[in-house]
Structure formats: C-alpha cells, structure tokens
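Just so you know, the sequences run in chain order W and Y.
For the first sequence, the residue numbers in the numbering used here are 1 to 169.
For the second sequence, the residue numbers in the numbering used here are 1001 to 1169.
These are calculated hints, taken from the structure and not from any lab test.
Idealized CB from N, CA, C, for every residue including glycine.
Possibly wrong hints are sitting among the right ones.
Stated by the list, open to error - Covered by chain W, according to a simulated footprint, are these stretches of chain Y (three or more residues, beta-carbon under 8 Å):
| hint | stretch |
| --- | --- |
| 1 | 1063-1069 |
| 2 | 1081-1095 |
| 3 | 1143-1152 |
Unchecked claim - Over 10 Å on every C-beta distance to chain W, these chain Y residues come out as not near it, computed from the model:
| hint | residue |
| --- | --- |
| 4 | I1005 |
| 5 | L1006 |
| 6 | D1016 |
| 7 | G1017 |
| 8 | K1044 |
| 9 | V1060 |
| 10 | R1108 |
| 11 | R1120 |
| 12 | C1123 |
| 13 | R1127 |
There are 2 protein chains.
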Amino acid sequence: MQPTILAYIAGFLDGDGSIFFQLVKRKGYVYGYQIRSSVAFYQKTENKQILEWLKSTLMVGYIRHRKTGMSDYTIVEPYEVKRILKLLQPYVRLKGEQVRLSFEILERLQRVDSADDFLRVCCLVDRFKELNYSKKRIITSKEVEQFLEQHGFLAPVETDPVRERVTRK
Amino acid sequence: MQPTILAYIAGFLDGDGSIFFQLVKRKGYVYGYQIRSSVAFYQKTENKQILEWLKSTLMVGYIRHRKTGMSDYTIVEPYEVKRILKLLQPYVRLKGEQVRLSFEILERLQRVDSADDFLRVCCLVDRFKELNYSKKRIITSKEVEQFLEQHGFLAPVETDPVRERVTRK
C-alpha cells in the first residue's frame, strides 16, 4: 500500500478514530471473558463514502449506520487489528502509545496458558482504557479476577491485589 | 514538505478538522462585512501536543484552549489558508469539494470591485455552509444584501432575488 495512503489513514485515525479493548462476558469461554480488540473510524452517515473507501482499502471489518446520523467502520479480528496497526504505526502521531500497548496485549493474549496470565492481560486492558481517558469502564480486570476466583481458577488473594504482582494462597 | 506528512495532515483534517467561511460584521469595512476563512483542527486539550506539532509544521495560525477541555488550532489568514489547502489538496478525500470552493471564494474575493461582486462571493459562502451541513448560519448573504441596499451600495431588487442573477433597478 502507498505510504501516503497509510499516512492519510493514520491521520484520520488520530483525528477521529479510536483503538480500544473491551472485556466482554462470554459463556463458553474458558476464563469467562473475551478480550475484544477494535480499531474504529467514525463519521456522519452523510459522509459514509469515506468509511466505504477505508473498508475497500483495508479489506476487512464492517460498517454500521446508527440512528443518530453517525456511522462507524470497525475492525475487531485480532489478527487484522494487528496487521492494520503494523501498517499505520510508522505514521501515527497521537495514538503511538495505544498502538504499542495493543501489540503487547495481542501478543500476550496469544501466549495465555493460565488464569493468572489471562488476568495480567486484563490489567493491560485496564491500562489501555486509562490511555483513552475512557469514562465508562464497564468491565475491569477486577470483575474478571472475582469471576476467576469464584470459579476456582485462581486462589483467593492473600493481601490487597497489586496488579503486577498478585500473591495467592 | 514530505508527502506522508501532508497526507497525514489531510487525513487528520478529514477526520476531525474543518474548513469554513464566515460573514463577520465589521465597522470600517467598505461593504460592512468581512469574509473570514478558517482551517481548524480540534482535539482534547490532553492531546494538545498534536496541535502544537501541526502548528510547528505549518508554521502559521494559533492554538486556543477552551474551558470545555477541548483545544483548537486555527489558521485564518486568507493567504495562508490558500497555501495550506494547496499543499493538502492532493491528499484530501472527504473535503475535496470544500477545498475547491475555498479556492473559488478566495480568488473571487481578491478581484471584488463592486458591492454586487462582493454579494456574489457572500452567496458562495452560503453554499459553503450547506456543504458543511452547518446548522447555525448566523449571518447569510441575505443580511449582507439588506445592509448593502440600506447603505446605497445596491439598488433595491426588482423581483425576488435569484442568487446567481440579481436584477436591480
């Protein structure tokens, strides 16, 4: 892809787009929650052609038109999120820290082999939300931790949980 | 300037920026109004560094921090607006029509030599606001026209004014 196309998309993402991670409760998931990654671009529905162009350029994701007159183009597949962020990384100026942390979350997520591991990735998702100054933190790693304890994946914590160094019984 | 820098700025402008024209009432102006051009970029004040980078890159304009937690970086000098839009034009995808109409307004404004001429440029400003889907059209060409008539610059219109072909007594 042409460097100026990638630089344009990086500018559009910095200006009006968003990179974010969510903890989503899911039946059938081993640890009870999905860590969902998203790269999203927003625009008034009147200007939906720019979202259609983005989709045809990046060749993944889906467009939704809201009743509010706003539309968004969103990519959620972790593999695609990683591929697109790799393409945009050299040109991003505002969301550089989000891009770096996205790679860390996506890479650690692939190597999760215990509830403890999983919880550590959830803590990175919390940190990501702080980067985004998100006000509505619906599900935090605290809730996942309680779930994992209740379901016997984690022993109850001995002292107050320190995110980066959890000590269990 | 590097093409990827210009493409990035064009993407940022398309995503979250704005090009607009305003009719501003001014004492001491021959035709009573100034036609003010603006190119503006918006961002939360927490992210003001991107606006500072834009300013240091484009080397004109000013940054304002609002009490709402938002900041903007705005360029208003017509010569600079034209120069910057010329630089960004090859990369802009969403505001292409605004860029084209900006050149038309700025070029016709330089050649104004009658109230009639001036009013025609004001009509282009109205058209520009429609492009931007602006809801608050504080001053339209209609008000300028009434002012010009009241001050003897224009003869009263014979029939209903048709914007592109005003017939006067």
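These are the hints, each one checked on the structure:
no. : hint      : verdict
1   : 1063-1069 : violated (count 0)
2   : 1081-1095 : holds (count 3)
3   : 1143-1152 : violated (count 0)
4   : I1005     : violated (7 Å)
5   : L1006     : violated (8 Å)
6   : D1016     : violated (3 Å)
7   : G1017     : violated (7 Å)
8   : K1044     : violated (7 Å)
9   : V1060     : holds (19 Å)
10  : R1108     : holds (27 Å)
11  : R1120     : holds (27 Å)
12  : C1123     : holds (22 Å)
13  : R1127     : holds (16 Å)
The structure fails hints 1, 3, 4, 5, 6, 7 and 8 (numbered hints given earlier, in ascending order).
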